[in-house]
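S.K.: Below, each chain spelled out in residue letters.
Number of protein chains: 2
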Amino acid sequence: METHQFLLILLIILLAARVFAELANRLHLPPVIGELVAGVVLGPSLLGWIEPVEPIKLMAEIGIILLLFKVGLGTDVKRLAKTGLQSVVVALVGFGAPFLLGFSVGYWVFGIPLLVSLFIGGTLTATSIGITVRVLADFGHLNTSEGQTILGAAVLDDILGVVLLALLYEFSIGGGTNLNNVAKVILFVGTFFVLAPVAAKLMSSIIKHFDEKSSVPGLIPTMIVSLVLFFAWLADTMGAPMLLGGFAAGLALSRRFFLPFGAGLHVATPAFAENIDTKMTPIVHLFTPIFFVTVGLSLNLQEVDWGSSFIWFFSLSLLVVAIGGKLLAGLVIRQPWPSRWIIGTAMIPRGEVGIVFAELGRESGIFSHEIYAGMIMVIALTTLLPPFVMQVLYYSFPLLEKEET
Amino acid sequence: METHQFLLILLIILLAARVFAELANRLHLPPVIGELVAGVVLGPSLLGWIEPVEPIKLMAEIGIILLLFKVGLGTDVKRLAKTGLQSVVVALVGFGAPFLLGFSVGYWVFGIPLLVSLFIGGTLTATSIGITVRVLADFGHLNTSEGQTILGAAVLDDILGVVLLALLYEFSIGGGTNLNNVAKVILFVGTFFVLAPVAAKLMSSIIKHFDEKSSVPGLIPTMIVSLVLFFAWLADTMGAPMLLGGFAAGLALSRRFFLPFGAGLHVATPAFAENIDTKMTPIVHLFTPIFFVTVGLSLNLQEVDWGSSFIWFFSLSLLVVAIGGKLLAGLVIRQPWPSRWIIGTAMIPRGEVGIVFAELGRESGIFSHEIYAGMIMVIALTTLLPPFVMQVLYYSFPLLEKEET
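Keeping their order, the protein sequence lines are chains A and B.
Oh and the first sequence: position 207 is 207 in the working numbering, straight run, nothing missing.
Oh and the second sequence: position 66 is 66 in the working numbering, straight run, nothing missing.
So that you can see chain A by itself, here it is in the shape it has in the complex (with noise of 0.2 Å):
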């Protein structure tokens, strides 16, 4: 392809993204609502001016293996010790009920094949840390108790997602559900989770030593990235998903990680963390939204049936098993109940990592056009509506803990 028509792509792509972005922000909601649209706005699904050509697609994939990368990098491994048992029992719901029952109204209400419907359920598990984050930040909750359990729980929601994720993943790849398979992906993704952050802590500490002595500018950006790219190959290599590579990367580098057996291997001394964490934002910030519009233009909303019944019935199902799984865990631990309500709401928005799920069905042809849009629809509702809900909350309880400013 000419690079004056590639250059004019990526610019339109760019642009496109911040202004939705800044659009969706006036009114209240999150940037990457903002990000999809305007992709859904340039592709198929209405204007046509746009397709994602390959070179395109390869540098949103560079794009959300460097947001995972980023996740990882502000997990706080400590901070679930802290909030404890309450975080491990928000997240073991908020994982299980939504998955259970989003596979179960799949298979069972509308006889969705057996992989098909583990996809569904397994897309609505996440819980997207960044929305979280930002919506308690915002309204000022994000260092109180319920904000810390919050959290965590997201924080470990996360991971089980992203394991679940490297499951269904290699399943699709294997073309079924065997044992086999089973055992295979949680020995891999096991052996890459704890072979991962000591390899890239090791890595890091070599980067380190370099990045003291080297005279020569820019080993930050070129190295990091080396890093996470590397990681997320050797992801893909043991059959995981690269964007789990990637995550691995950042858990190793994030200023709270230690590893369980090496204290020697401190190497990521405040200062180093922190001109990592200013020298990969704007690269993350570049690419990011190449992904998220990228997504938008994938979806073609032109070839869904929007006149079948089966559409409308299954996302409203999914949206009530999303909001309702995700409500069970934070009524079923030990807090006042405004609490609880405020802890099960904040645990609902799915966000991007929903999407990168919902986007790996489509991509490997395990979401048809229909159950791909309809996983959008829910994944954009669960992520539009609790900002909201959580604003009515907090107004209703003002007796609420606030943080100390």
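No lab work stands behind these hints, which were simulated from the structure alone.
Ideal Cβ placement from N, Cα and C applies to all residues, glycine included.
A portion of the hints provided could be inaccurate.
[Claimed, not checked] Not everything, but these chain A residues come out facing chain B in the computed CB check (under 7 Å): (1) THR3; (2) LEU7; (3) LEU8; (4) LEU14; (5) LEU195; (6) THR222; (7) LEU234; (8) ASP236; (9) ILE283; (10) HIS285; (11) ARG340; (12) TRP341.
We have chain A; now place chain B onto it with these hints.
M.R.: Same frame as chain A, now just chain B:
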């Protein structure tokens, strides 16, 4: 192409670029030499592991556009006014002499066709601001009177070189050299150079406005890259090379660029300019090595007939011209003799700008493999030798003014 395979190629390119750049630095050579060698080693010249596939080439293209953006951003139009006449003389002689001598040697001595000879002369005009600044700073002579003269001349040389590049590029597109073409290119490039900074300045004021208002993170990286891509696309549309667009956008956003007729548009406040610099630098650092490695990958030294006396005689003649032309530029001005030698020597490195010229010649089919290989050798030697010579000069003339520390 497979995402898996693409990530691996990108990873190897970034990693090799860094390793060879660090090695070059250890040997007191400019890192850009290391990156070129990395490409030569990985490419068909030596190992043949990697070929520059399309998505990599497109990312390389973004890399060189962004690098020229950064050169523009660092260009200080005011400094030229300060160092004044001496810089102008050094720039004009250092531009004119290598061009005329290079052209003459090609056309009259070697009987090379007109357009090719013009391109040979053009390739010899550039001065690598990056390398020159780096070398002066390393020796602690950047803020001396001869340092200022060199910088001013390098800046002007860059603009002259880019205009000449645009001119010759247009010739090569048109397939000939007629007065209409010359007039058209001067008109287009002139219009572009007058209007682009004004337009970029206006756009950057819009970006600044939104940056202050927006709470959606990532505005600077996406919008500045969009701005640069837009001007690259615009330059290409007007018949100028894309990197000219990147340079113009950088020039307009540079801290010290003031519009002659637009006092109200002085939007580049120090804080905003610094913000742009902080966020764009990692992105530039990530993409730039991809370009230089890709240049190395495109170079097939196995296709060069090393046994032919032509290539040796040709390179040697041009090397003499390339060095002599720039030394002459230093010698014609009124300064103490040691300063004249220092100035002349500091202007010699061709670096990335020379490579861009040679690469354009190769891509458009103007340079044969022999001539291209010869030019690359000349560029490499002019880039490698001056740091050593300057070290010797500074030791031999210890009375030369030093920077206050």
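S.K.: Find the hints from earlier in the document that the structure breaks and name them by number, from lowest to highest.
M.R.: When the structure is compared with the hints, numbers 5, 7, 11 and 12 turn out to be violated.
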